[in-house]
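Chemist: Chains as they are written, first to last, in my numbering: chain A, 83 to 292; chain B, 116 to 457.
Keep in mind that the hints were calculated from the coordinates and are not lab data. There's no promise every hint is true.
[Said to hold, decoys possible] Think about it this way: if two alpha-carbon atoms lie no more than 27 angstroms apart in a straight line, the pair counts; the simulated DSSO-like pairs of lysine-lysine are:
hint : chain 1 : residue 1 : chain 2 : residue 2
1    : A       : K151      : B       : K251
2    : B       : K249      : A       : K151
3    : B       : K138      : B       : K315
[Said to hold, decoys possible] Every beta carbon over 10 angstroms from chain A, so not counted as near; a handful from chain B, in silico:
hint : residue
4    : N133
5    : L140
6    : F150
7    : L174
8    : F175
9    : I180
10   : M271
11   : E290
12   : L324
13   : V355
14   : G367
15   : I438
All C-beta atoms in this analysis are idealised placements derived from N, C-alpha and C, irrespective of residue type, glycine included.
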Amino acid sequence: MKYLKAILFISFLSIVILFILIPRWWTIGSLSEFSIWYPTVGSLIWVFKNLVLLALSCIFLYFFFQFRKKQNTVVFDIFIPFVILSWIIGEQHPFSRIPMYHSFPNYAYVFSLSDKNDRLIPLKSVSHLGTAELSHLYYTSLYNHEIFLYGYAREDSFNLGIIGADMINNTTWINPNFLADSCFHLNRQYFFVSDKGFEVINKVIYDSCN
Amino acid sequence: MIPVIKQYFLNRGEAKENWTLTKLLLSVYWLLLLFFRLLYNPRILSDPKGFCYLFNCELFLVEGIRIFLFFIALLSSALYVLEKKMILSLTIISIISVIVFSLDASNGIGNIINLSSSIFIAQLIAYIIYAVSKKKEHLVKNRIHFPMQIIAAHYMLAALSKLHNSGFSWFLADEGFALQVKKSLLLEYTTSGDQSLLAKAEWLPNLILEHPHMTHFFLLGALLLEFSTFIVLLKNELKVSYGWLLLLMHLGIYYFMEISYFPVYLVLFFVNISFFIQLPKRLLNKKWGFMADDHKDGFSFTSKDNFTDNFSKSNCQVNFVHIYHHWTDKNWNLGKWIKSIF
Chain A
83 MKYLKAILFI SFLSIVILFI LIPRWWTIGS LSEFSIWYPT VGSLIWVFKN
133 LVLLALSCIF LYFFFQFRKK QNTVVFDIFI PFVILSWIIG EQHPFSRIPM
183 YHSFPNYAYV FSLSDKNDRL IPLKSVSHLG TAELSHLYYT SLYNHEIFLY
233 GYAREDSFNL GIIGADMINN TTWINPNFLA DSCFHLNRQY FFVSDKGFEV
283 INKVIYDSCN
Chain B
116 MIPVIKQYFL NRGEAKENWT LTKLLLSVYW LLLLFFRLLY NPRILSDPKG
166 FCYLFNCELF LVEGIRIFLF FIALLSSALY VLEKKMILSL TIISIISVIV
216 FSLDASNGIG NIINLSSSIF IAQLIAYIIY AVSKKKEHLV KNRIHFPMQI
266 IAAHYMLAAL SKLHNSGFSW FLADEGFALQ VKKSLLLEYT TSGDQSLLAK
316 AEWLPNLILE HPHMTHFFLL GALLLEFSTF IVLLKNELKV SYGWLLLLMH
366 LGIYYFMEIS YFPVYLVLFF VNISFFIQLP KRLLNKKWGF MADDHKDGFS
416 FTSKDNFTDN FSKSNCQVNF VHIYHHWTDK NWNLGKWIKS IF
């Protein structure tokens with residue numbers, strides 16, 4: 083019984099790991115998708131997959147309630163529902179998948195403001211926001227304009243003009259007349275690592291002087 | 116000194132005052148967050164999230180409504196700290212928290228993780244369970260343990276996100292990590308104009324590239340730490356050690372990336388700060404503060420500076436003694452001895 087429990091626990095853990103690594107196959111892969119992926123036995127694999135998932139869920143619930151009964155505590159009563167809900171709901175407060183730095187791609191954008199002579203204007207001196215928050219505005223704007231091909235400087239100049247204007251308009255300025263009165267550039271520096279080390283390509287994405 | 120450190124790290128002798136102190140600090144921190152968010156943050160709803168995704172939040176952009184919300188939050192926090200009408204006060208606090216932080220996440224900046232709302236909701240659940248079951252011992256445990264579960268769940272989610280998006284090789288991406296470190300430092304530089312950050316953005320990412328194995332080691336450590344935080348829910352003795360390890364991890368992130376996120380909730384729920392408040396009492400040796408209370412069972416004065424009580428069991432020599440009762444009694448052994456000294 084002891085070994086059986088261990089085997090079941092390890093199988094369950096492996097399935098959870100597969101769940102995380104290849105979620106499409108295990109979770110939302112539909113019958114039609116399985117028929118395309120495996121033309122001959124797709125339907126059978128799909129049925130088998132769902133039976134395995136059902137069985138494992140039952141085993142998990144059994145062990146969970148056994149453990150709960152044994153411990154006579156509520157060790158995971160908030161933990162497990164919160165993890166599951168956050169994973170399903172995603173970035174909607176108070177839930178989140180905590181996506182920060184979940185991957186390290188070989189590109190990074192740094193945003194800055196500069197005057198007409200290309201001297202840095204520290205964003206703190208003119209706005210309540212920091213440039214890290216400007217980065218978030220950049221990605222939100224890309225998403226809102228349904229531009230899904232981004233990163234590695236793949237965004238075209240036309241779209242960048244729209245995004246740049248969006249970022250500037252969604253920033254709060256200490257002096258409300260800053261936008262009307264000042265001549266400044268919003269720059270995007272594209273950093274990447276090559277054989278030569280760190281490389282950078284600059285681009286002005288908003289120009290208030292013209 | 117060493118037994119005291121051991122006692123602390125094994126999370127023994129957690130004081131009863133811990134709950135009051137936790138509530139007080141939590142409320143002050145939450146009110147400060149609320150104050151700055153309601154007053155300074157952008158009043159734009161470019162990307163509605165959370166509560167604002169479900170309901171129209173335009174109303175909460177009005178100055179008067181914001182001040183009213185803060186006033187209600189202040190009143191509810193006072194009730195909460197005083198342990199009055201807990202279900203009502205925690206319900207109001209939770210709703211205000213969800214509204215304000217949803218507004219905060221809806222200005223297009225997003226990705227701002229704030230545990231306040233979920234921690235208050237977890238405490239509300241603990242009080243609702245108590246209202247139904249009437250078991251005080253469950254409440255005393257749950258109101259601390261439920262927020263701990265929320266904190267552990269956040270670290271678990273962070274680890275799952277990494278595994279989901281990058282797989283097990285997340286910790287091997289030293290080049291990408293160096294690039295993100297450079298980016299973070301440069302973003303701080305373009306925000307503040309601090310030249311020292313520009314210099315740091317030159318040497319630190321290059322150092323990371325030069326030492327890939329060291330980078331892998333620290334990243335793997337961080338990933339394992341996040342993934343295993345749930346263990347503290349099973350073993351309370353590990354809570355303080357995990358709290359400090361996680362604080363160290365955040366300190367490392369701050370040093371490398373200048374991300375100034377201070378995990379207040381770890382300090383409140385993992386690090387057992389009430390221990391430090393009681394530290395002088397714990398550290399004070401009997402030798403330097405013997406309570407010669409004649410009414411206490413087990414107290415005795417044998418000869419000269421030899422005292423004993425129920426705590427010390429054996430005789431101990433003292434250098435400083437607090438004398439109670441019989442102060443002017445010349446027939447009392449201790450009184451006689453004191454008289455002989457002066």
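Chemist: Each hint: holds or not?
Modeler: Taking the hints in turn, this is what the structure says about them:
1. A:K151 to B:K251: 20 angstroms, holds
2. B:K249 to A:K151: Holds, at about 20 angstroms.
3. B:K138 to B:K315: 39 angstroms, violated
4. N133: N133 (chain B) is indeed farther than 10 angstroms from all Cβ atoms of chain A, at 19 angstroms.
5. L140: 20 angstroms, holds
6. F150: 14 angstroms, holds
7. L174: 17 angstroms, holds
8. F175: 14 angstroms, holds
9. I180: 18 angstroms, holds
10. M271: 6 angstroms, violated
11. E290: E290 (chain B) is in fact no farther than 10 angstroms from some Cβ atom of chain A, at 5 angstroms.
12. L324: Since the minimum Cβ distance to chain A is about 7 angstroms, L324 (chain B) lies within 10 angstroms and the statement is violated.
13. V355: 18 angstroms, holds
14. G367: 13 angstroms, holds
15. I438: 47 angstroms, holds
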